[in-house]
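J.: These are the residues of each chain, in order.
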Amino acid sequence: MYKRQNTVIEERTDFSSKILLFTSLPFYPAKEEIMELNPIQKYNRALDYLFKGTAAFFALLIVAVMIGILLQLLENSLPAIHKFGFSFLFSQEWNPVSGKFGAASSIYGTLISTVIAMILAVPLSLVIALFLVELAPPLIGNLVGNAIELLAAIPSIIYGMWGLFVFAPFMEKHIQIPLQEHFGFIPLFQGPPMGIGMLSAGIILALMVLPFVCAVMRDVFRMVPSVVKEASYGMGSTTWEVTRRVTISYGVQGLLGAIILGLGRAIGETMAVTFVIGNSHSISPSLFEAGNTIASTLANEFTEADNPIYLSALVSLGLVLFLITFVIQIIAHFWLKRIRKSMGGGL
Amino acid sequence: MKIVSGLASFIGILFLTWILFEVVRKGAGALNISFFTELTSPAGIAGGVANAIIGTVLITLLAALIGVPAGLFAGVYLSEFGSYSRLGSLVRFSINVMIGVPSIIVGLFVYTILVLPFKHFSGYAGAAALAIIMMPVAARTTEDMLNLVPNSLKESALALGTPRWRTTLGIVFRAAKTGLITGVLLAVARVSGETAPLLFTAMNSQYWPKSLNEPTANLTITIFNYAMSPYADWQEKAWGASLLIMTGVLLLTILARILAKEAKK
Numbered sequence: 397m398y399k400r401q402n403t404v405i406e407e408r409t410d411f412s413s414k415i416l417l418f419t420s421l422p423f424y425p426a427k428e429e430i431m432e433l434n435p436i437q438k439y440n441r442a443l444d445y446l447f448k449g450t451a452a453f454f455a456l457l458i459v460a461v462m463i464g465i466l467l468q469l470l471e472n473s474l475p476a477i478h479k480f481g482f483s484f485l486f487s488q489e490w491n492p493v494s495g496k497f498g499a500a501s502s503i504y505g506t507l508i509s510t511v512i513a514m515i516l517a518v519p520l521s522l523v524i525a526l527f528l529v530e531l532a533p534p535l536i537g538n539l540v541g542n543a544i545e546l547l548a549a550i551p552s553i554i555y556g557m558w559g560l561f562v563f564a565p566f567m568e569k570h571i572q573i574p575l576q577e578h579f580g581f582i583p584l585f586q587g588p589p590m591g592i593g594m595l596s597a598g599i600i601l602a603l604m605v606l607p608f609v610c611a612v613m614r615d616v617f618r619m620v621p622s623v624v625k626e627a628s629y630g631m632g633s634t635t636w637e638v639t640r641r642v643t644i645s646y647g648v649q650g651l652l653g654a655i656i657l658g659l660g661r662a663i664g665e666t667m668a669v670t671f672v673i674g675n676s677h678s679i680s681p682s683l684f685e686a687g688n689t690i691a692s693t694l695a696n697e698f699t700e701a702d703n704p705i706y707l708s709a710l711v712s713l714g715l716v717l718f719l720i721t722f723v724i725q726i727i728a729h730f731w732l733k734r735i736r737k738s739m740g741g742g743l
Numbered sequence: 552m553k554i555v556s557g558l559a560s561f562i563g564i565l566f567l568t569w570i571l572f573e574v575v576r577k578g579a580g581a582l583n584i585s586f587f588t589e590l591t592s593p594a595g596i597a598g599g600v601a602n603a604i605i606g607t608v609l610i611t612l613l614a615a616l617i618g619v620p621a622g623l624f625a626g627v628y629l630s631e632f633g634s635y636s637r638l639g640s641l642v643r644f645s646i647n648v649m650i651g652v653p654s655i656i657v658g659l660f661v662y663t664i665l666v667l668p669f670k671h672f673s674g675y676a677g678a679a680a681l682a683i684i685m686m687p688v689a690a691r692t693t694e695d696m697l698n699l700v701p702n703s704l705k706e707s708a709l710a711l712g713t714p715r716w717r718t719t720l721g722i723v724f725r726a727a728k729t730g731l732i733t734g735v736l737l738a739v740a741r742v743s744g745e746t747a748p749l750l751f752t753a754m755n756s757q758y759w760p761k762s763l764n765e766p767t768a769n770l771t772i773t774i775f776n777y778a779m780s781p782y783a784d785w786q787e788k789a790w791g792a793s794l795l796i797m798t799g800v801l802l803l804t805i806l807a808r809i810l811a812k813e814a815k816k
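Chains R and C, in that order, give the protein sequences.
So the first sequence is numbered by my numbering: it starts at 397 and just counts up by one.
So the second sequence is numbered by my numbering: it starts at 552 and just counts up by one.
Misleading hints may appear alongside valid ones.
Example chain R residues on the side facing chain C (calculated, C-beta under 10 Å, incomplete) [as the list claims (entries may be wrong)]:
| no. | residue |
| --- | --- |
| 1 | V459 |
| 2 | Q468 |
| 3 | W490 |
| 4 | P492 |
| 5 | V493 |
| 6 | K496 |
| 7 | L528 |
| 8 | E530 |
| 9 | F561 |
| 10 | H570 |
| 11 | I663 |
| 12 | L694 |
Hints are computed from structural coordinates only; laboratory data are not their basis.
Ideal Cβ positions, reconstructed from N, Cα and C, are used throughout, including at glycine.
Work out the full structure: start from the sequences and follow the hints.
T.: Right, dumping it as structure tokens:
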């Protein structure tokens, strides 16, 4: 606002006056003398700078925290990286006594539980979101929609408690033992049917990811303009054709955003997984076997780490997790940008 | 198609009611007067979780005091000054990353900067971790709410000579008031249920929180410790505390959603 007043004065001057101005530059009066701000204007101007400065400070603070996390994790995992090198990522050994650590079982557990969770949650949320927006009568649609959003608000430790004390016995009795009786020859279903383990953790993760993904998908589907859908109906499409060809393709970008959001949540989830995954540092093809994820290892063992190498190994695990989420964000950023360009309009 | 999707929705509702039902059933038995008024005690001796409740309230309040204004101002920057600039894009990307960062990593970070140098755990570190989690969420909802305010309102205020700071803080905020309050309530609700960031920052303690400069009792870690223990009375108390936390978080969320619906009217 203040700058514009100056440029207006300059724009008014033509070429000859510019020469005059230039030659009289040493005698040109100061900015304050031309504008003659009264005290109130000076006060407001100062506060404006203060306001913009504070806002910029806090915005940059978030950037600084993100960079700070990366730097601190790097710095504190250097001892472990020095000692184990790159093989840290592939070694299955985890021996606090002899000081040999490897991240392979944690990374494997994180990946497998996330994969199980996404396989279960994404199709289910897609179907539920379509039901809520397209097919349900408004009363049920509202009720179920609110219920799903309340599910999203439940803290993860509640899921953990419920998972350990209610769901695990249920899994053991009604799912794992029957599965082992009938399909026990498949290596996936061998192993101790105790109710906890990789499969239970994956199912509970799916239960946590589902409300988030479903809520975002519901919002995406709601934003599809009715005009487009009605035009498709008018041409004679069935409900399923409209849903598949119009609604889903219109909202592909938002759907991908929802899936990535759920993916980020599933990878980093700590408490619910810690309760039911059993905390064992071994890789096994069985779904019933206990395992661990990076987050659950950190939660279980951080307070017990007594020597610096143990601590540094744990921090390196944290670094791996942070890098995984960071890379997912970068991929999402560029992928969504590309889709936005290719789809032109749309969402 | 209708059958499949209806069935899927039914399964979703089924799990929600199952969880709520179990928490209420198992937790209600533990809620009595002593639960709310007495200290945490060793297993087998009667006690309550009063210090944990106070600790959680203190830590969450401090975190909100730091995180909410910081998030508000960051959102103001993005909405007012950073819509098209490259710095704005960088800040938005950072907010996306920070929202996706697992809360235990945030706890790890705060451990390295606020616990290691001072060589002791503290409630301050726990509040800092919660504030770091709260800030990006508050910033994003603030930016979205402020962007909803029509430009004509801001421009007419500026045309009347209102300084920039006053249009934003006085007029735009007032127009977006309900949305902002909703965003803040949701952020606080989410953060109050977090356990992982407090695991190695505030830890837990068996005593009243006299000062935040020492390990501070809190409800979520108490639930964690009690639930993983083999003692039946501790597990029962864990259920009671879970019921308490779940009720608090759900009430805050429902309040925020009611406010949001009123704003839309």
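J.: All hints, please: hold or fail.
T.: Verification of the hints:
no.	hint	result
1	V459	holds, 4 Å
2	Q468	holds, 5 Å
3	W490	violated, 18 Å
4	P492	violated, 17 Å
5	V493	violated, 22 Å
6	K496	violated, 22 Å
7	L528	holds, 7 Å
8	E530	holds, 8 Å
9	F561	holds, 7 Å
10	H570	violated, 13 Å
11	I663	holds, 7 Å
12	L694	holds, 5 Å
Comparing the model with each numbered hint stated earlier shows that hints 3, 4, 5, 6 and 10 do not hold.
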